[in-house]
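Take the sequences, apply the hints, and build the full model.
So the protein lines, in turn, are chains A and B. So that you can map any letter, position 339 of the first sequence is 338 in numbering that gives the first Met the number 0, and since no number is skipped, the others follow by simple counting. So that you can map any letter, position 76 of the second sequence is 75 in numbering that gives the first Met the number 0, and since no number is skipped, the others follow by simple counting.
Just so you know, the hints here were simulated from the structure itself, not pulled from any lab data. Among these hints, one or two may not hold up.
Now the in silico label distances, taken between C-beta atoms and shown as ranges [as the list claims (entries may be wrong)]:
no.	chain 1	residue 1	chain 2	residue 2	range
1	A	A79	B	N104	29 to 35 Å
2	A	F16	B	T10	29 to 35 Å
3	A	K34	B	D167	40 to 46 Å
4	B	L59	A	Q106	17 to 23 Å
5	B	D151	A	S379	39 to 45 Å
6	A	K66	B	P51	42 to 48 Å
7	A	K103	B	L185	32 to 38 Å
8	B	N38	A	K66	48 to 54 Å
9	A	T42	B	A72	34 to 40 Å
10	A	F16	B	N38	29 to 35 Å
11	A	K66	B	S65	36 to 42 Å
12	B	Q187	A	F16	23 to 29 Å
Stretch-level coverage of chain A by chain B, calculated; a stretch enters the list once three of its residues show a Cβ under 8 Å from a Cβ in chain B [what the hints assert, rightly or not]:
no.	segment
13	5-18
14	21-34
15	93-106
A virtual CB, placed ideally from N, CA and C, is assigned to each residue, including glycine.
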Amino acid sequence: MQIMIVDDERIIRESFFHWFQKSGHKVATAASGSKALEKLGETPFDLLFVDIKMPGMDGIELLAAVKETYPETMVIIITAYGSIESAVQAMRIGATDYLLKPFKPDQLSLVMEKVVQQQKRQSEYNYLKGRLEKITRFDNIIGQSSAMTAIFEMISEVAGTDASVLLVGETGTGKELIAKAIHAKSPRANLPFIAINCGAIPDTLLESELFGHQKGAYTGAVQERKGFFEVVNGGTLFLDEVGEISPKMQVDLLRVLEEKKITQVGSRQPVTVDFRLITATSRNLEAQINAGDFREDFYYRINVIQIEIPPLRQRREDIQLLAEHFLKKFCHETTKRVDRISPHASRILNAYDWPGNVRELENAIERAVVLAKSRILNESDFAFLRPPPAAAPPGPSLREMEKYHICRILDQHGWNVTQAAKALEINRVTLHKKIRRYQLKPDDGEKR
Amino acid sequence: MTGTTNPNRATPVVAVVPFERVPTTAAKVIAAHVSGYLNLAAETLPPRTIPPDTLDPGRLQYNAASLIQAIEAIPLKNYFKVIALFDVDLFIPLFTHVFGEARQNGRVAIVSLFRLESHADGSSPPSDRVLERVAKIALHELGHLLNLLHCDDDRCLMHFSGGVDTLDQTTFNFCRYCRTALHRALRQGGPVTKPP
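What follows is the structure in structure tokens.
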């Protein structure tokens, strides 16, 4: 057990030190509360013996500070000037015990037995917490919110089918992880999973990537190449940012989905293909359909089952769980010793809106771990998380004000027209008219 | 048995030093147990005077740490380990009292009869029980001098006993783990000899 003795009297520190040394405990000493906190920042301790009367920070203040930042560390208050008030206060703050100096040798052994029992219970609790964490994980997806639990159930249900799945969610919500989970639980699990970010590939290249090409089909096509539809060969094809696909490409994909046949670029020979399609988008495809940017028939073909992944700000109960998971992950990767996130820093993480969702949280924890100077991630480690700049105020006219307000409400509801109309207390048709009148698009909110 | 040191010993010898009015029998019992249980030669030395500055005037008890320090200064360098025996009340700043005290891997252990001469209820035990207790404490403290730690097995001599009741329940045995550690320490320790 790692024990620290905090007492301004050297003779007491030494006495404790020699005593615990005989039981094989690792013992450190500190002459003041601030020195003790410094040491706690460097090394984890299981148990602290803290004297109440000390110059500067007294024992009760130290107890409160320890319980706030290191709740698992047990603290035993020791004093030569005991009073019922200070004993009650110490126990209320979370002291494990309260001893009057000097104590009978038997008394210390009994307290140590109690501490060992408490430590065992803590270990059991940590074990069960770990088990619970496994339960709150679905493959590599983490979440304990009702929204995520419903998604886990949905994944299990749809995995066994061959139906096309459309994943809808803001960027960074983990759409690809969910696609992978569906694939991993499907009968196609032993076959390839190929992910393509349609937004990152120019249209002409995307055609070649998906369909493949014959030698000499175009300049630079020096040899025949199979496209992803063929390479996936019975597996799952995941098209991310499907809203970025051009209307022409949508027609080609629709045909493939209906006929399950493809024709390589530069070839006339159709090839039968077998794959399961999962698509994802961070855009509002219904709005794109209304704006004429997305084909309705293609939308219905890919949207047999829709899974909506809520943004992190709408499932704040997952933030702590995810933050702890990423903390462990990056401590392991960087071999840096960071034990926990302080309660104050946790409050900051919980209050932040995470526009970049889980990915932004992951990056924030990684950055904090890499730059951490102590065992605890504090408020200052997340100083880089700034609230987004306030939107520019609209112009003075009523029209400008209405346009601004509608756009803001649409943004808030992820451009779900039904929900936005409900919030605005107007019907959907009226809202659609206003969207057309003001020529509003999902991107307008970001530009605003 | 002699009080003089014997330079260049072939085998390690433990010195048992009684202080002031301590009965010689108790010192001899300790020496006999050290020889019997640890297979070490033990000598009982003539009684000595307690250094007066080790008495704490506030507590009217003798400071165990100060006593150890004072005995370490006595020229007994030819002895492997030293067990000092008292009949005064000992304390360390942490505790109201101690039966004995020794530093891990140190050279001097101290034992007191003071609290061993009565039961927890204040009644007096027979003298053989007192001698049994003092021998247990002496072997326990000698264990610390040989770097043994407190043992979780409440039947082992290295189990910490805070009261005479628990001490009486402890058997005259080291558990197998402590016995192994003891033999290892004795093999490594060897005789302490003066340089020629």
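Report task. Kindly indicate which numbered hints from before are broken by the structure, ordering the numbers from low to high. Result -> Hint check: nothing fails, all pass.
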